[in-house]
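Make one complex out of these two single chains by using the hints.
Which chain is which? The protein sequence lines are A and B, in order. Position one of the first sequence corresponds to residue 1 (the numbering used here), numbered consecutively onward. Position one of the second sequence corresponds to residue 1 (the numbering used here), numbered consecutively onward.
To be clear, the hints were calculated from the coordinates, so they are not data collected in a lab. Glycine residues also receive a C-beta, built at the ideal position from the N, C-alpha and C atoms.
Think about it this way: if two alpha-carbon atoms lie no more than 30 Å apart in a straight line, the pair counts; the simulated DSSO-like pairs of lysine-lysine are:
1. B:K529 - A:K66
2. B:K204 - B:K170
3. A:K66 - B:K204
4. A:K347 - A:K358
5. A:K178 - B:K529
Coverage of chain B stretches by chain A, computed from C-beta distances (three or more under 8 Å per stretch; other residues unrestricted):
6. 472-481
7. 520-533
On the chain A side, residues computed to face chain B include the following (Cβ under 8 Å):
8. V53
9. G54
10. R57
11. T70
12. T73
13. H92
14. T95
15. L99
16. M100
17. Y133
18. F177
19. G181
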Amino acid sequence: MSKATQSEAEPGVALEINGQDVQAREGQTILEAAREADIEIPTLCEHEPLTNVGGCRMCLVEIDGKRTETACTTTVQDGMEVNVDSEDLWDHRRTILELMFSEQNHYCMYCEMEGDCELEDLFNEAGLDACEYPLEYNDIDVDTSHSEITLDLDRCVLCGRCVRTCDEVVGNDTLTFKDRGLETEIVADDGVALGDSSCISCGACAQACPTGAIYTNQSAYRGREEECDVVTTTCTECSLGCELEVYTNSGRIVKIEGVEDGADAGQLCEMGRFGLLGDSRERINEPSVRGDGTVDIETAVERARESLKDADTVNAVASSRLPTEVTEAFAASMDAYDASLEVPGAKRTADERRIAEKVAPMFNEHAGNLRASGPEAVLDAEAVAVFDTSIVDTHPVAASYVRRAAKDGATLVSVDADEDRFASKSDASIESGSALSRLTEDSVEVVEDDASALADSDTETLINAVPALEDGGISIIVLGPDIEEEDTLINAYALAAMTDSKVLSLPDRVNSFVDGIGADDLHDDAEVAYLFAADDREDDIDRMVEVARSADTVIVQATRESILTKAADVVLPSLDWFERSGTVTDASGADRDLTRVLDPRVAIDSDWEVLSELAKGGETQEVEL
Amino acid sequence: MSQSIQRPSNPDTVDGNVRVVVCQGTGCVSSGSDEVYDALAEEIDALESSEDVVLSYGDGNLEELGIETKKSGCHGFCELGPLVRIDPMHVLYTQVGVEDVDDIVEQTIKNGEIIDDLCFEDAEGNRRSRTDDISFYTEQDRLALGNCGDIDPESVEEYRLRDGYDALEKALSEMDPEEVYEEVEDAGLRGRGGGGFPTGTKWKFANDADAEEKYVIANCDEGDPGAFMDRCLVEGDPHRVIEGMVIAGYATGANQGYIYIRAEYPLAIERIEQAIDTAYEEGYLGEDILGTGFDFDFGIEQGAGAFVCGEETALMASIEGQAGRPTPRPPYPAQSGLNDQPTTINNVETLSNVPLIIDNGAEWFRGYGTEDSTGTKTFAVSGDVSATGLMEIPMGLTLEEIIEVAGGMEGNSEFKAVQIGGPSGGLLAEQHLDMPVTFDSLQEEGAMLGSGGLVAMDEDTCMVDVARFFLDFTQDESCGKCPTCRIGTKKMLDILERITNGEGKPGDIERLRDLGDTIAEGSLCGLGKTAPNPVLSTLEHFEEEYEAHIYDDECPAGECELGDGSHAGTYKIAAAECVGCQQCLDACPVDAIDGEQGETHEIDPEMCIGCGQCVEACPIDAISERV
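Pulled out of the complex, with its shape left as it was, chain B reads as follows (with noise of 0.2 Å):
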């Protein structure tokens, strides 16, 4: 049955007409949105240019209401795009077609029904139609990605109309670099790109800093697989982005920054481009902005495919023309950076948040969140959830919450384990569950925040698995100066494909466990340091797991397929039930057997002959043949 739509008395729209917005992220674009876009744009146009035609809405119509088509940034519910929003009544279709937009135009906007078809279906099979009864959009507290999904990425009036640059003028005009610093300070903004070093007080140790020339540069080298978080906001609003930008260089001293831009990114690219010659065009940037004698100048740095040039050594190695490989620290890049100068260097995500402390303040922010998390954090959540995509929500949330803004494990899918922080990042288990997620919470528990990736994983997910696919991006990212990372990684990736493989064998979990040891304490930069994360965090939740494929031949999630036969006529104890009795031991003729009285007694598969002594020998028949 049709739903009909209420007008709403007060339009409240970002230019105060009814607005067609089809987001057009990159998410979306690659299911066709642009075309959806067209198609709309084209109808729509016509309907306005028509003068029989009556737009209804409930009780009312909408002629002295302007209508157009928007395109916007990335809204976020990327699992269902292409997505149509229409404004002011939020009514939300999902994965929209070409062949869609006919029937949105005249059922939807000129008779004011509802599509079902088009609409979020949520767990329990109701058909939502608007965002306000969607806890995806309801749940979530959107400040860095404030205009994302709302306004023409394209457009400075629209940035305007939503504040835009307000903050830029009052930090010029109305504040000195040591008040603005300290506002952020006080705000407790901490960097969003994993570190959460305090951003205020980077930019006070920079401003500390005596030099000629000093630099701020925008991080958005976002490598993590899965991660599109920086890639939104850029996408979405890159007139926030510049605007932070200036304002850090306000704060620190600079007059020059950059923003470095993993090529794989070009939208994004052609985006900020635009945004920067219209900020140029608008005074934001160049000489005396707003005519308060700042100067600041933009430029773009794109890199080239490697993941360690995040790692901020190595991204200013790579702005100044060498190879992107990491130099150690100290000296940090705010005592000596990009050429040596003074520079400090922020993610995306941080300074979206500028903007929003600066024009509404320090107390303002610290209404969301923790006491020492404060602010909000955005989320790229893929995995066995519901609803994959982007969401931003405040700090302290426990995971259990986060799961369920994202709607939920999948289908069925029982919750088994989540992988946080990217390829450096850890897994947290069934028991942190309740647990609130801020960067100390997890900092206690071994895990990171990262910036902001989270996989969830139902129990067909192998662990052992997970840990080989983040180990073996990070082997192949290793940038290969330090030995330890560069050789060190690829030895404990060899392990987890044996293990993975059916191949494993006794004695790799301590291999693991000591190579992972030697990896973290000893590598140059942060890449090595935490690349044994993902294996030494699944180790010690699901220890059981890796085990089980090593001595029982066996995946539990079901994954892996184990035993291609090279062990086969080959014996196996079940490691629970062993009692440790040695009575195999004894009888074994080859000397395959290991363990301690009273511990768990271990078969080698390489040294089994198979003649099935143990077999007799053990009393509780806790020994199998492996196929």
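In isolation and in its complexed conformation, chain A is listed as follows (with noise of 0.2 Å):
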């Protein structure tokens, strides 16, 4: 039963479910009708975003008295009589789960998964206590080469949720079956080690897994769900913005999951759900100044502002990981010293926008919004081009839409100056700077001039290279955040308004777009440099690092201890991502919230505290916040 079918299901089809009359709509499956109803039927390899198979029978129901069938595989009629409960039905299901007991390792009480499992419920509301079969399982070495997640796989059952996930959720296909019957097994690729496999360590199959079979080193033991709070909040690691609950136990954040009613299907990705567990950097609790040791606050902004004052050449970098109202705030702070304010992916989407209006309508009159409505959109695409297919580890969500949307027939190009890392998925790879792009060069003078020139032969050559694009179906340009050059973007823009495709710009990360902040050009040697790190880490910082190397005094604002803070003559505290509130822009133009999940342990509550001291020193009036 696929999600498509599910939503073009038309109204009008009555039936009788445990008695119960029933208003369902034509199409759907009775597993769909009796949910909406508030009927439960046990279910075990069903899983809300993947497709159906039937596999693990505890969805038998009794139609018309007459057969026996799944019910998630089976679509309602018109006048269907459906027994859930009877007592033939719970027997067969409890010999089913007697059965599955006896086959693998299913002794709860050592198991990550206790209290959270799904097959320990069906086997509480089976009525099962005892298995008069011997136990006999396959006993498979646990699989514990992979840094981030664990297969017990002596606690599987089989149900294939894994698989479906990593082929339809992430499109990666790297877990599968392997042999047949008793056999059966999961395996990562051909039977390589997960660690040694083509795992992008996203963990959806963790979390689409129902018993301990699989699970992630980083919460294992730490708490079941019931035991936690829940928070949910957005990821600030890319600028797709997934959903994130947050668990957390005893005010430690215990695990992230991601939320399966989206089209992302909760898979998120390494960044967002092991990246933000895992910094075990030393925090910075309060501020400090080169050569005076810990201050406290008003004394260390104290400093940062006599220099400030001071300097005629300031260059200022934001984290791309700030909310929408610091981000402003912290360019307010900087414009009264006048500084120049650099955000990560600021200029490109400002480039983006001076592009889009003024060379779309050169090639195409009537080409309006060229934007796509967001990621999703990739997913119903008929042709995708990506530019910069590093997207595959700077927005793994997106990657993974590209790659479903390719599995599902839709034709791929790759645009990439390295290596295309779509490689096996992809129709077509082309080098950037090979004649797509070679073309750039006259592109430009033409954006200068006039558009004439471009509209023979040129626009020949460009459409060829993506032929696809012209077919008239749904086509969509991603561009990835390497993307910089103004010439691929005025080429990647000109392309979209010749083939009405729409561009899908995936910058960086979160306050890219904040309107006309950040584009500034820097200073090549500052006096002062301010560096708003926050949470930023490894290869994040190594921008703000170069910034810090050619100026005199270095100000840094940030969450953990870095090689940025031990070169800073002031270190001023700033919040993690968890206890941060406010407002991101998502890769859709959405606005998104920001939710506390942990109250702050360190000498601030907030980052606006920091910089409202800043401003009070500065040349123009008060931030307003």
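Spelled out as structure tokens, the structure:
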């Protein structure tokens, strides 16, 4: 039963379930109709975002007193009489569960999933308290090769949810079944250790697994779900802004899960699911000044203010993880000191706006808003061109949409200066720097003057390189975060205009869309560099380190210790991602909420505290917060 | 005393020549019939070219007819291969070896004398030299197998001489698709793969379906152990299968067909490959077939060793390149099958009947068989019969009649049971001997015609072991997708193995029935749903054998080696004698005896300490020691 069929379902099927009259829509399954009528049917291999396979047999129902079918795969018919809870059915379920118990290691006592396990729940519901069959299981070695995900396949019930998730939701096809019958086993690729496989570490399989067969190392044995508090917030690791469900227990974050009813079907990615938990760097609790050690906020800010006031050249760089309000406040603060402010991705976004407005009408009078409605638009595309395939690393969920579109039959063309990261799935890989982008030199001149030169033979070449884009179906051009050169942007927007495609722009992270902020050119050398690093980590702070090196005085506002803070003259604390609240704008242009998960245990309660202190000494008025 | 052969006045052979036909079916080839062919051909070719050889038969000679050595497909008389038949006299020589070739040429071909030692010996000890005198041949109505054993399967000319491709021409140029499937519906043809679904109706559904691309698939996965009907059809008459397929494509609106053939049939694959190439050359496949504007392409897909791929949805998954695991139905293949398009899947034997129906008409076909099960059925008969092999007989013959055609039970054996329908089927016992074998009559008895495998068993066959054998097969072939079949069949097998090892426990029979019920009700596909059949069927007709194994440590058929001594020293109650007086029960110090007043009591060998108190207590001496 595909998702598409469900959404096309029309009204009007009357049936009876457990003696209750139920109104269903044509095309719905018995399971869907029952759920909407609040009638429970036990399931195990069924999982909301995935196609149904009728494999576990838990949802067997009696239809019209004559046949027994799985409710998850059977469509409703007018006048059907369905019995969900007959004695026979529960006898069968109990027998099947008993068989499953004997097949593998289902001793709950030592299992990470105990208390949250769907199989355990079914055992209890069916009243299974003994197993008369000899227990014999395959004794598969636990696969601990992966740093984040553990496979304990002696607990696997072969429901296939992980396989279907990796296939249908993530599009990566890493997990699959090997062998048959009782020898059936979940394997990665053709039987390699998970850590050596094509796994992209998104952890969606662990979330989909109903038992303790697949679990995540950082969250294991940290508490049952019912013992946790859950806060929903937005991820700020890239510009997609996936929804996060953050579980906390006793003031600690226990795990992060995705929300399954959106297009991303709860998959998240390595950064959002694991990276956010794993920052083990030392937290900056209090401000410090070089030479003076730890100081209070006022002193530290005073020191910063002095340097800024005296400086003629100030470079400021803001983390791209900051919410809009903080970014705006920071911009206002820096403005007071006449600083040049850079926010990663902001310049590109500004360029894009300018180019879209100017270039598009040149190639297509009717080119309206070229912007794709959002990343989900890729799923329905018939042709997708990806400029910069590093989105596989930077925006993994968007990359999964591209793979899913390709698996569904969409033509995929990759344009990249390096390796095509979609290699096995793309229909064509174009090296940027080749004919397609050499044209951009001409394009640039033309944009300045007049478009007609491009309107002849070059246009043909451009379109011929990506013929599917012209076929008339829905087509999307995806721009990854590494695209910065004006030439490529012109190229892409021209192409979109000519072929009636939409552009999905995926800049760095969540605050590059804030209008007019962060697109300044920095000074080559500055007297003061103010680096609002927030919780940036690893390669993200490279740019700031570079700017720091070319400055005399360095002020850093950061969450954790790094080489940046070690080199700074003034270090101010900053909130971590789970302490922030505010708004961010995602790649579809929507405003999303950041919700505080845990209260800060550092010297500040918000980033604004620091910024407002800073603003007090500026040449302009106090900042409005 | 040698007989001499009369020359028939009107020689009736495929091509009008004297034909020395050597069976080249897999069975005979495995006994060296290919070498026999080569040796015979060499000598006979030499004959023809030698001028001073006079071929004589009885009162005339055959100079005016040519003589040739020919290959053919399976004759069916497989137990007695390699088979050589000389047409038009229908002289049959059995178990022919290369060493017999000289004699055949010298004595029979040149001098018209029969070699008694090479003739079939019937149950009374008489030697029968001609197929016309052998009931195995005369009792058959070979429709689907009509050309098998007669024509050279590698020759399209011989196929055409036997009206081959006439039906295709008639269908494409004189009938429209509706008329074609209606003719098949009127003929009452039902699926020969085991489902028994009316073929014409299946074609109608597919024809009604609206889609850009439709498919027809010939299912030649034939996974039942011991079944080789489809193998023989494809090896022996591949063009008939092709013709049936193209007609099926025409009737259903499909322009692409596949034959899914198991990899373990290399000779069949070779023959159909060759036939397909020839058919393309001759214009029976490809574009604008016979100038009628109908296009049809035919491809071969091979299996890879999975019984479950005989199941329609698993078969289609396999063709699509996925693992062969079934999916729930509906949707049925006619609505959404291969590549999600309407697909018709037919068994090979079903398709082999189609050209005959089109050529001769529905009424003609109805002349065979019964009202509801028209036509004929091939059976691969094996087990304790005299002539194991392949036969084709009208539907509606009784079980007893079928066994007679197969030469009756072997030697002195008494009929005990017949297993029909392979691992999905059940048993028929003595009380069914006079039952006409049709789709419906079997279903009423809780059995299944299946694809036509039939194993005859005598009194030396243990019914529990038969169940174990088939369940062992099914369990190994389970795809593993649903726990019911995956684990359930294993647990059933475990119980059966314990029983046949003498470790049966009280309650095992109930366990088998309960498990069987859940597996039959709760499995995803036909493999699982029918896996318990051999068990439930043997339990129904031979429950006392199970009880003997469990309670008496006895295998009535004498097959199982029970009593490995693990329960030696414990006691057992003779179930047939027990009157249920409770005396032993009261006497037992460890409560090892179970039973209600008036019902048979049972001693649990696991609990029995061998003290013998029960023996003392029993008033009728019904308790004895296990060894």
